[in-house]
Amino acid sequence: MSAILEAKNLGKVFEDKKRGEIHAVRDLSFQVNRGEIFGLLGTNGAGKTTTLRILATILQPSSGTATVAGYDVIQQPDRVRASIGYLTGDTNLYTRLTPRELLTYYARLFGMAKGDIATKIEELSERFELQEFLGTKIGKLSTGQRQRTSICRAIIQKPELMIFDEPTAGLDPISARHIVEFIRESRTAGRTVIFSTHYLREAEKLCDRIAIVHDGTLRAMGTLDELLAESGTSDLEDAFFHFIELDREAVAAVV
Amino acid sequence: MSRFSLNNVGFIWQKELLDIVRDRRTLMSMIVVPLLLIPVMVIGVGALMASSISDLKEQTYTVALLGADADTELAEVVQEAERTQFLDLDSDTAMAREMIDAGDIQGAVYITKDGVGKATVRMWVRKNRETSTFAMDRVEDQLVAHRKEVTRLHLAELGEPEDILTPFVIEEENLASDEQMAASGLASFLPYMLILMTLTGAIYPAIDMTAGEKERGTLETLLASPAGRLEIVLGKYFAVMTTSVTSALISVISMMVMLTWGMVWLGAQMGEQLTFQISFGNMMIAVLMMLPLAALFSSLLMTIAVFAKSTREAQSYIVPLNMLVILPAMMSMVPGSEGDLQRAWTPVVNVSLVLKDILNGSLDPAQLGITLLSTTIYAIIGIFITTKVFQRENVLFRV
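As you go down the protein sequences, you meet chains F and E in turn. What the first sequence shows, in this note's numbering, is residues 1 to 255, in sequence order. What the second sequence shows, in this note's numbering, is residues 256 to 654, in sequence order.
Simulated from the structure, these hints should not be mistaken for laboratory data. As the structure is a prediction and not an experimental result, all values here were calculated from the model. A couple of the hints might just be wrong.
[Claimed, not checked] When the alpha-carbon atoms are kept at most 20 Å apart in a straight line, the in silico EDC-like pairs for lysine to aspartate or glutamate are as follows:
#1 E/382 / E/359
#2 E/564 / F/90
#3 F/18 / E/359
#4 E/643 / F/126
#5 E/643 / F/15
#6 F/140 / E/359
#7 E/382 / E/396
#8 F/158 / F/116
#9 F/158 / F/202
#10 F/137 / E/278
#11 E/564 / F/16
#12 F/17 / E/359
#13 E/564 / F/15
#14 E/312 / E/396
#15 E/312 / E/359
#16 F/205 / F/181
#17 F/137 / F/126
[Stated by the list, open to error] Just some of the chain E residues that point at chain F, by a computed CB distance under 10 Å:
#18 269
#19 306
#20 309
#21 468
#22 471
#23 473
#24 477
#25 478
#26 479
[Claimed, not checked] Here are the computed distance ranges between Cβ atoms for each label pair:
#27 E/643 / F/21: 33 to 39 Å
#28 F/96 / E/650: 51 to 57 Å
#29 F/126 / E/287: 40 to 46 Å
#30 F/238 / E/276: 31 to 37 Å
#31 F/223 / E/276: 49 to 55 Å
#32 F/223 / E/648: 33 to 39 Å
#33 F/114 / E/567: 38 to 44 Å
#34 E/650 / F/143: 17 to 23 Å
#35 E/593 / F/18: 38 to 44 Å
#36 F/205 / E/567: 37 to 43 Å
#37 F/20 / E/299: 45 to 51 Å
#38 E/291 / F/143: 35 to 41 Å
Cβ coordinates follow ideal geometry from the N, Cα and C atoms, glycine included.
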């Protein structure tokens, strides 16, 4: 399988007046293959969001390189952004616009032709059952309806790679289910998704491969079976804590 | 490197404007406030003042009379003052002062005579109170008229002509037209209002499009779209500037309507003829002046607001800027302030003084040119800084 995303030795350092340098991501390397559902699993503050923001060209890496759909995130950020659909769980939408206006706005930014935009909106609204409220202001929609609108926005231009940052975080179970079902469907449709989560069950159910990140570094990567075999555990939760504990032991040994 | 797309700037500009016009708070600051504030401030306050002055003129006042026995004839003349009641307090000056301070009476007249029998009338007035000033003006008018009559009689007794006291005549001729006279007060006040409206119209949109987007989490999604940072910041910038210019334009139109018809109405209320005309050309110059100023305000507001994490935080950041704009904008209200080529380089002050000159009908083209040039330069520097700030990750994503 060919890789759609390759990250090599990615690093990101933030400057903080009080805390000094914060190494959010350190020497992170991995690749995501086309048609694969790839999960970044880690606790809060592990570096997942920063990694995905770098891949979405929202942030620039302090070190290392990455390519998305063959485009360099530093040299060709506009090409990278044109190739991805980006969604976060805490993303809100413009509440004074209607879903039709919002989708049209993003479709135009993606350079879609007028005729194609109308067709695509019809297609998506049918698939995600948005027809009834396409003309209703987003502020008046339910959380579930907003979440479906968000998904439509993220995939309006049929992206080669979908980057979802904790897409279910903070959502009620019904709203979260829309996302989970969409990722599951994506796997069947052969689309490529990289998403971050700290929900172990979500990663277990959805991912072809999982990368466990902690303190900004990659701790382990592989299929569920590979992770279980490497950790000598019987489920992902035990494996996850195994890799985290390993890290703590390593730190303790150094200190 | 990102390719720059004007289309994307246009799409973002359109979306932001659509978002703005659906927001009641922005509509209030962009349209309703500039449309109503100038007429309300000028005509409303003017009508209120005219009505108050009329009331003050009609009102009956009470004034203390002291020392009436010193010159009973003069005391009788004093008491003929129109719509004035007199309270005889003999010579109790302490009581008179106490009553004036307490506001029970509006003033006092104290008559004394010197050794040669010459009368002195002391008038006690509290000049910080309009009622006291009006009351004592009536008494003074009465006394001046009486003094003139006594003088005339004395001259007649001496067989001297009345004009012996007037060896030459002083005549003052006001070269200002009625319009210029009506404009002189407004020329001080209106530039301040116009500048303030231009700023006010931009504040809420600037906050909403920067800190507001960060707070709501919509900025991150936009940054992940194919639109480049420069396209995003320019699209937003032009939207903020559009609201600011709209606000300024509405203020100018409101000012024109108010000056053309409102002043006539106000004059009628005051029983005076107040007319004021400003040429279309001068109005266009006033609008032209507001364009670079709106551009400058928009860049300043966006640059400041984008540092904030929330709209509330942004509002607190913008308070000092308000002060920095209000003070120089008030330059037109400083007595004697006039534009010159040096002041034409001082931001905001220059626009304030040019607008004042436009309203006074005494505009210096060189001053206008430098003001336009300097404000445009400042606006370009402002836009440059805004775009640079928007490129900084530590501003957009503060740790």
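So, going through the hints one by one against the coordinates:
1. E/382 / E/359: Between residue 382 of chain E and residue 359 of chain E the Cα gap is close to 15 Å, so the pair holds against 20 Å.
2. E/564 / F/90: holds (15 Å)
3. F/18 / E/359: violated (65 Å)
4. E/643 / F/126: Violated: residue 643 of chain E and residue 126 of chain F sit about 42 Å apart, past 20 Å.
5. E/643 / F/15: holds (18 Å)
6. F/140 / E/359: violated (62 Å)
7. E/382 / E/396: holds (16 Å)
8. F/158 / F/116: Given pair residue 158 of chain F, residue 116 of chain F holds - Cα atoms ~12 Å apart, limit 20 Å.
9. F/158 / F/202: violated (24 Å)
10. F/137 / E/278: Holds: residue 137 of chain F and residue 278 of chain E sit about 12 Å apart, inside 20 Å.
11. E/564 / F/16: With a Cα-Cα distance of about 16 Å, the restraint between residue 564 of chain E and residue 16 of chain F holds, given a limit of 20 Å.
12. F/17 / E/359: Distance of about 65 Å is beyond 20 Å: violated.
13. E/564 / F/15: holds (17 Å)
14. E/312 / E/396: holds (13 Å)
15. E/312 / E/359: Between residue 312 of chain E and residue 359 of chain E the Cα gap is close to 18 Å, so the pair holds against 20 Å.
16. F/205 / F/181: holds (11 Å)
17. F/137 / F/126: Roughly 18 Å between the alpha carbons, so the hint for residue 137 of chain F and residue 126 of chain F holds.
18. 269: holds (8 Å)
19. 306: Because about 43 Å separates residue 306 of chain E from the closest Cβ in chain F, which is outside the 10 Å limit, the hint is violated.
20. 309: Since the shortest Cβ distance to chain F is 49 Å, the answer is violated.
21. 468: With a closest approach of 9 Å, the residue 468 of chain E hint holds.
22. 471: Residue 471 of chain E check passes; min Cβ-Cβ to chain F is 4 Å, inside 10 Å.
23. 473: holds (6 Å)
24. 477: holds (8 Å)
25. 478: Holds: closest Cβ of chain F sits about 5 Å from residue 478 of chain E, inside 10 Å.
26. 479: holds (4 Å)
27. E/643 / F/21: 33 to 39 Å: violated (23 Å)
28. F/96 / E/650: 51 to 57 Å: Since residue 96 of chain F and residue 650 of chain E have Cβ atoms about 25 Å apart, the given range 51 to 57 Å is violated.
29. F/126 / E/287: 40 to 46 Å: For residue 126 of chain F and residue 287 of chain E the Cβ distance comes to about 41 Å; the hint holds.
30. F/238 / E/276: 31 to 37 Å: About 56 Å separates the Cβ atoms of residue 238 of chain F and residue 276 of chain E, which means 31 to 37 Å is violated.
31. F/223 / E/276: 49 to 55 Å: This hint holds: roughly 52 Å between Cβ atoms.
32. F/223 / E/648: 33 to 39 Å: Taking Cβ atoms as reference, residue 223 of chain F and residue 648 of chain E lie about 34 Å apart, which means the hint holds.
33. F/114 / E/567: 38 to 44 Å: 40 Å Cβ-Cβ, so the 38 to 44 Å window holds.
34. E/650 / F/143: 17 to 23 Å: violated (30 Å)
35. E/593 / F/18: 38 to 44 Å: violated (51 Å)
36. F/205 / E/567: 37 to 43 Å: holds (40 Å)
37. F/20 / E/299: 45 to 51 Å: violated (58 Å)
38. E/291 / F/143: 35 to 41 Å: holds (39 Å)
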